[in-house]
Amino acid sequence: MSKTNQTNSVVKWVDDRLPVFTFMQHELHEYPTPKNLNYFWNFGSLAGIVLVTMIVTGIVLSMHYTPHVDYAFDSVERIMRDVNHGWLIRYVHMNGASAFFIIVFIHIFRGLYYGSYKAPRELLWMLGVLILLLMMATAFLGYVLPWGQMSFWGATVITNLFSAIPLIGEPIVTWLWGGFSVDNATLNRFFSLHFLLPFVIVGVVVLHIVALHTHGSNNPVGIDTTGNDDQIPFHPYYTVKDLFGLGVFLVLFSLFVFYAPNYLGHPDNYIPADPLQTPPHIVPEWYFLPFYAILRSITFDIWFLDAKLLGVIAMFASIGLLFILPWLDRSPVRSARFRPIYRQFYWVLVIDCFILGIVGANSPDDPVFSGLDGFQFIHLGMMSTAYYFFHFLILLPLLSVIEKPDPLPASINEPILGGGGNAALAPGKPMEKP
Amino acid sequence: MATTGEETFESQPQEGETRRDFLTLATGAFGAFGVGAAAWPLIDQMNPAADTLAASTTEVNLEPIQEGQRVVIKWRGKPVFITRRSEAQIEEARKVPISALVDPEKDEDRVQKPEWLIVVGVCTHLGCIPLGSKQGEKRGEYQGWFCPCHGSHYDTSGRIRKGPAPTNLPIPKYTFLSDKLVRVG
Ligand code: HEM
Ligand code: FES
Numbered sequence: 003m004s005k006t007n008q009t010n011s012v013v014k015w016v017d018d019r020l021p022v023f024t025f026m027q028h029e030l031h032e033y034p035t036p037k038n039l040n041y042f043w044n045f046g047s048l049a050g051i052v053l054v055t056m057i058v059t060g061i062v063l064s065m066h067y068t069p070h071v072d073y074a075f076d077s078v079e080r081i082m083r084d085v086n087h088g089w090l091i092r093y094v095h096m097n098g099a100s101a102f103f104i105i106v107f108i109h110i111f112r113g114l115y116y117g118s119y120k121a122p123r124e125l126l127w128m129l130g131v132l133i134l135l136l137m138m139a140t141a142f143l144g145y146v147l148p149w150g151q152m153s154f155w156g157a158t159v160i161t162n163l164f165s166a167i168p169l170i171g172e173p174i175v176t177w178l179w180g181g182f183s184v185d186n187a188t189l190n191r192f193f194s195l196h197f198l199l200p201f202v203i204v205g206v207v208v209l210h211i212v213a214l215h216t217h218g219s220n221n222p223v224g225i226d227t228t229g230n231d232d233q234i235p236f237h238p239y240y241t242v243k244d245l246f247g248l249g250v251f252l253v254l255f256s257l258f259v260f261y262a263p264n265y266l267g268h269p270d271n272y273i274p275a276d277p278l279q280t281p282p283h284i285v286p287e288w289y290f291l292p293f294y295a296i297l298r299s300i301t302f303d304i305w306f307l308d309a310k311l312l313g314v315i316a317m318f319a320s321i322g323l324l325f326i327l328p329w330l331d332r333s334p335v336r337s338a339r340f341r342p343i344y345r346q347f348y349w350v351l352v353i354d355c356f357i358l359g360i361v362g363a364n365s366p367d368d369p370v371f372s373g374l375d376g377f378q379f380i381h382l383g384m385m386s387t388a389y390y391f392f393h394f395l396i397l398l399p400l401l402s403v404i405e406k407p408d409p410l411p412a413s414i415n416e417p418i419l420g421g422g423g424n425a426a427l428a429p430g431k432p433m434e435k436p
Numbered sequence: 257m258a259t260t261g262e263e264t265f266e267s268q269p270q271e272g273e274t275r276r277d278f279l280t281l282a283t284g285a286f287g288a289f290g291v292g293a294a295a296w297p298l299i300d301q302m303n304p305a306a307d308t309l310a311a312s313t314t315e316v317n318l319e320p321i322q323e324g325q326r327v328v329i330k331w332r333g334k335p336v337f338i339t340r341r342s343e344a345q346i347e348e349a350r351k352v353p354i355s356a357l358v359d360p361e362k363d364e365d366r367v368q369k370p371e372w373l374i375v376v377g378v379c380t381h382l383g384c385i386p387l388g389s390k391q392g393e394k395r396g397e398y399q400g401w402f403c404p405c406h407g408s409h410y411d412t413s414g415r416i417r418k419g420p421a422p423t424n425l426p427i428p429k430y431t432f433l434s435d436k437l438v439r440v441g
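So the sequences go chain by chain: A and B.
Note that this note's numbering has the first sequence beginning at 3, numbered continuously upward.
Note that this note's numbering has the second sequence beginning at 257, numbered continuously upward.
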């Protein structure tokens, strides 16, 4: 770690005792970064900024929010109507959650396309999956807090998933509730945990970044950097690019916050929770729809496992799979740019995930195309669920063996300088540096 | 005790290590027990508190309920469906062959008095409230209740007949305090 070249004597005095300036200089200023990163590499820093935004708006909201079944809904309405700028703060928090998921989903699919999960970045990737799980838990807990109809029934349906576990399922659900149904005890603990988890996320994000800075960023070509010709310092090149991306994001985000703040939400959540009346259509927030579709797609028993338990297992497995992805895809080539077959199936997976989302938003028994009654959403859901697992469990291991990758360039710099350099093209060159 | 000691020495000749191993194990076990004992209150605090448990009986006056009518009362924060069944409804529930049921249970075993069906109104799939208690609500294919969330159909005995729910609507503990008064819980 090179010492900071600060001349200010106070800075030097501090840095001698606590090397924060050296650290920042190293990690944010000179940190060598591949020079060919495209805009898909903006989403990591964007996610970080949104996380901070969620924490800041969340802390402010909690100054006005009352976690009690009799007051929660009204306290949120008071935030909307009476608290100074309360509407703005809540809308930023509400839409921030959606933005967070859009950003993180793009971030993840970036990783899938460019093989960022492959050695030596397996742990970096796994920490990312852990962040996704924590985000999902946090968002679920947060959605319960305004105590509307969707809050209540979402909480009921999701906590009941645990009752699928044989023998200990029921006691676990009672334990989660602190009672015999979702009630005040539940709301209180959900608030406490919703407050806590984002800080746990911050902790995991720090580890994620430590892992990132150990081997540096992957890049669109997916080969290791070979020297200074391939790299540029993070500042000012990527700080500026990240800030530009932030600007674009803020424009889009503002469109939602100011012009369509409830577009992504469900109107039923503006009806106070009623434990004796289930709304006719329960749908989770949009970012859970694909997973909800997988949950509902298992309608058959296998052996002694009933459909309810299998659905829950499939839903968790759909994310659990991502943890072992680095070992399912054994192809030595990272970037899909050089993987002619994988590149196509990647897009099939993207479409499959969108279809799962659509299935999750619809009633299982409704026909997919009006007039074609035999083909219902449940069938589409089963097919797309099957494809999802097929992609990860069968296709990826198979492609690692049968796919012949295109020739890789010798360095990031080489194709840019247009040297042609055919001699250096080595098909399926192992990605590890010697 | 002494013999046990000797046997141990035979299998593991180094006396000092054996004792140390034992001490380490014993200390470890004791420590684990201590950690467990300290963690338990932190885990168990999330279970229903004394006041929640205490609030868990409800008395219901059956007087105003007409034949064929269904009412919903709240017990432990969740709905309980009380139905005063008509002869036809009882008949309907009793004529089904047991083998046709997903979760086989005789109607006779689900009621104390055939006229009064008392079930917890929470779908055994994922906890929604089935429709059918109010006038005009969809009752499903078996004239009992219909859960709108994922389409479970229950019959006039509250038994699951079709759909993803695995078991019948549960029967809460209840006692008839008199002909016209029942205590649930
Ligand atoms: C990972 C970051 C976070 C996510 C994804 C998240 C997500 C959510 C969501 C989806 C809601 C429901 C919004 C609505 O429909 O009204 C919510 C509400 C809430 N959150 Fe968060 N949150 C995060 C961080 C925090 C933090 C750090 C705090 C407090 C320190 C907080 C405090 C609150 C409060 C008080 C509410 C209830 C008020 C309301 O509903 O607007 N949140 N959160
Ligand atoms: S909760 Fe009733 S069918 Fe799923």
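Just so you know, not all the hints are guaranteed correct.
What the hints assert, rightly or not - Under 10 Å between C-beta atoms, here's a sample of chain A residues computed to sit facing chain B:
#1 Trp15
#2 Val16
#3 Thr161
#4 Gly181
#5 Arg191
#6 Leu278
#7 Pro281
#8 Pro282
#9 Ile284
#10 Leu311
#11 Asn364
#12 Asn415
It should be emphasised that the hints constitute simulated quantities derived from the structure, not laboratory data.
Using N, Cα and C, we set each Cβ at its ideal position, and we do this for glycine too.
Status of the hints after comparison with the structure:
Nearest Cβ of chain B to the Cβ of Trp15 of chain A: about 44 Å, over the 10 Å cut. The hint is violated. For Val16 of chain A, the shortest C-beta to C-beta distance to chain B is roughly 40 Å, which exceeds 10 Å, and the interface hint is violated. Hint on Thr161 of chain A holds. Least Cβ distance to chain B is approximately 8 Å, under the 10 Å limit. Because the smallest distance between the Cβ of Gly181 of chain A and any Cβ of chain B comes to about 5 Å, under 10 Å, the interface hint for this residue holds.
A cut of 10 Å between beta carbons decides the hint on Arg191 of chain A: the least distance to chain B is about 7 Å, and the hint holds. Taking 10 Å as the C-beta contact cut-off toward chain B, the hint placing Leu278 of chain A at the interface holds, the least distance being around 5 Å. Annotation: interface hint on Pro281 of chain A holds; nearest CB of chain B at approximately 8 Å, less than 10 Å. Given the 10 Å rule on beta carbons, the hint for Pro282 of chain A holds: about 5 Å separates it from the nearest Cβ of chain B.
Given hint, Ile284 of chain A at the interface with chain B, holds; its Cβ is 6 Å from that chain's nearest Cβ, closer than 10 Å. A least Cβ separation of about 9 Å between Leu311 of chain A and chain B falls short of the 10 Å threshold, and the interface hint therefore holds. Restraint check, Asn364 of chain A versus chain B: the minimum CB separation of about 12 Å is more than 10 Å; hint violated. At a threshold of 10 Å, the smallest CB-CB gap from Asn415 of chain A to chain B is about 55 Å, leaving the interface hint violated.
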